[in-house]
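Model the placement of chain G on the given structure of chain Y, informed by the hints.
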Amino acid sequence: MQIRISDLVDGCCPEGVELGAVDEQLTERIKAEVLNKVKSGDRQPQKRNGTRILLLAAVIATLMTATAFAAGIFGMRRESVPAGEVPSGYWRFYDDTGKLVEEQKFVYPDAGLVFTFTGPDRPRYQLEIRPGWLPEGEHYDQCFRSDYAADGWGNGFGAFCSHDHIPCQIFAYEVDTRGKMSVLNAEPVTIEEETWDNWKVTKVVADYSSTEWSSMNKYWSIVNYILMFDQEQGILAIVQGEDSMETLEKIAKNLEIRETDTPMPQGSPRDEIQISMMDIGRG
Amino acid sequence: MLVNEKRILKALRRGDSAALEQIIDQYTPYVFAIVSNILSHALPREDLEEVVSDVFCSLWYSREQVEPGKLKAYLAAIARNAAKSRLRRLKLTEPLEDDLLDLALPGPEDGVLALELKAACREAVDSLGQPDSEIFLRRYFLYQKTGDIAQALGMNAATVRSKLSRGRAKLKDHLEERGYGDANSDQ
Numbered sequence: 001m002q003i004r005i006s007d008l009v010d011g012c013c014p015e016g017v018e019l020g021a022v023d024e025q026l027t028e029r030i031k032a033e034v035l036n037k038v039k040s041g042d043r044q045p046q047k048r049n050g051t052r053i054l055l056l057a058a059v060i061a062t063l064m065t066a067t068a069f070a071a072g073i074f075g076m077r078r079e080s081v082p083a084g085e086v087p088s089g090y091w092r093f094y095d096d097t098g099k100l101v102e103e104q105k106f107v108y109p110d111a112g113l114v115f116t117f118t119g120p121d122r123p124r125y126q127l128e129i130r131p132g133w134l135p136e137g138e139h140y141d142q143c144f145r146s147d148y149a150a151d152g153w154g155n156g157f158g159a160f161c162s163h164d165h166i167p168c169q170i171f172a173y174e175v176d177t178r179g180k181m182s183v184l185n186a187e188p189v190t191i192e193e194e195t196w197d198n199w200k201v202t203k204v205v206a207d208y209s210s211t212e213w214s215s216m217n218k219y220w221s222i223v224n225y226i227l228m229f230d231q232e233q234g235i236l237a238i239v240q241g242e243d244s245m246e247t248l249e250k251i252a253k254n255l256e257i258r259e260t261d262t263p264m265p266q267g268s269p270r271d272e273i274q275i276s277m278m279d280i281g282r283g
Numbered sequence: 001m002l003v004n005e006k007r008i009l010k011a012l013r014r015g016d017s018a019a020l021e022q023i024i025d026q027y028t029p030y031v032f033a034i035v036s037n038i039l040s041h042a043l044p045r046e047d048l049e050e051v052v053s054d055v056f057c058s059l060w061y062s063r064e065q066v067e068p069g070k071l072k073a074y075l076a077a078i079a080r081n082a083a084k085s086r087l088r089r090l091k092l093t094e095p096l097e098d099d100l101l102d103l104a105l106p107g108p109e110d111g112v113l114a115l116e117l118k119a120a121c122r123e124a125v126d127s128l129g130q131p132d133s134e135i136f137l138r139r140y141f142l143y144q145k146t147g148d149i150a151q152a153l154g155m156n157a158a159t160v161r162s163k164l165s166r167g168r169a170k171l172k173d174h175l176e177e178r179g180y181g182d183a184n185s186d187q
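As given, the protein sequences belong to chains Y and G, one line each in that order. Counting in my numbering, the first sequence runs from 1 upward without gaps. Counting in my numbering, the second sequence runs from 1 upward without gaps.
Extracted from the complex, chain Y is given alone in its bound form (with noise of 0.2 Å):
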């Protein structure tokens, strides 16, 4: 296999070396276009043309590369939870004045990961999903392709099918950068680990039959997931669902991604969700 030495010294700075001319000119431009952006708290200026749009969007296809160690800048880790552990955590709500107004305590006694972030400290915009390439079958068509616009980009997708099979989900947002968790709850089979380009890529087969959720649902015990993370950008994209991980990588491999410039809702600054699910079904 053939490696790049620019990718193998990618942690060898030379600390004494100095380049480059002092260009005060250029400096200045520098300085005035990201003090406008982080002043104006928006990463994605409405001037940018479509080509700079495109760059944001993540068409992962084909990019498996021999020399995808890149050095990321954001992270995610994953956890097992011992035998014994219970993750718990809250959400708490606040009014303008810093007033707690509610509480609301989670705790999870199936958990068998946990996954926690570092993403980028800004504004959060919405993001969209268009996938590329989807299996042919009623599940799919009928997809709820409502949220869709013409072009075929979504903020969401869901393949659904009687008996509440869940064949596929597909998701994408920006990680919290407040050190929330996001548990699932399910006994994870097998883990593997890849690089795609930029994204660190987790497959989990997991195994929801001796969890309470089996209780309720009948219908499905093992699911499949794709966890993909942009380590430059702070984006998670999971696709999972019932089909086979094969099927579920074709389609993630295909997916295409991109930012919006709709702000993420937002509650109060104070609010704090410590914990979430990322279960498929459950939200």
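Treat the hints as calculated values from the structure; they're not laboratory data. It is possible that some hints are incorrect.
Below, in silico cross-link-like pairs of lysine-lysine (BS3-like), each with a Cα-Cα straight-line distance of 27 Å or less [unchecked claim]: (1) G:K118 to G:K70; (2) Y:K31 to G:K10; (3) G:K70 to Y:K37; (4) Y:K250 to Y:K203; (5) G:K70 to Y:K39; (6) Y:K31 to G:K6; (7) G:K118 to G:K170; (8) G:K145 to G:K172; (9) G:K118 to G:K172; (10) Y:K99 to Y:K180; (11) G:K70 to Y:K31; (12) G:K6 to G:K70; (13) G:K172 to Y:K37; (14) Y:K39 to Y:K105; (15) Y:K180 to Y:K203; (16) G:K10 to G:K70; (17) G:K118 to G:K145; (18) G:K170 to G:K145; (19) G:K70 to G:K145; (20) Y:K203 to G:K118; (21) G:K10 to Y:K37; (22) G:K10 to Y:K39; (23) G:K10 to Y:K180; (24) Y:K39 to G:K6.
Coordinates of chain G only, in the frame set by chain Y:
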């Protein structure tokens, strides 16, 4: 390095944009040089400037992660990643023609292996001694042309090319000793 990097990073973490301005004043030439070394063969100058501004925006948005004394290396890492990411996404060619090494590896997905491999690479580069290790990193970390390296270090370009060739051979030997080599390589 900035005179008082610790103080400036503390202000940056507080969200003080004046600290960001100081960093931009100090490091724009450095960041622009890295981005230019990687992308100037493929993109016009205005696009390079956009990448540079994105680097400083990334610094702003990830300012909690920068450790005092490591700002320059952090900026260099962001600049390299941003520029190389732009190359990959536009499917443009890499700038270095002598960058590839044949190794016996199971695949790029093995993160543990990648870390071990990089550690072994760092050992090999350190063992080159000065000025060879600096020449090697100017070439493969900072993407400088051999002529620019020669000029910066007061050498002729042939000497730099020779030292780079020896560095690549030594890196390959070092990695082969650790089981990563490929006997079929003609590198």
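Inset, instruction - Hint by hint, work out which the structure violates, then give me just those numbers in ascending order. - result: 13 and 14
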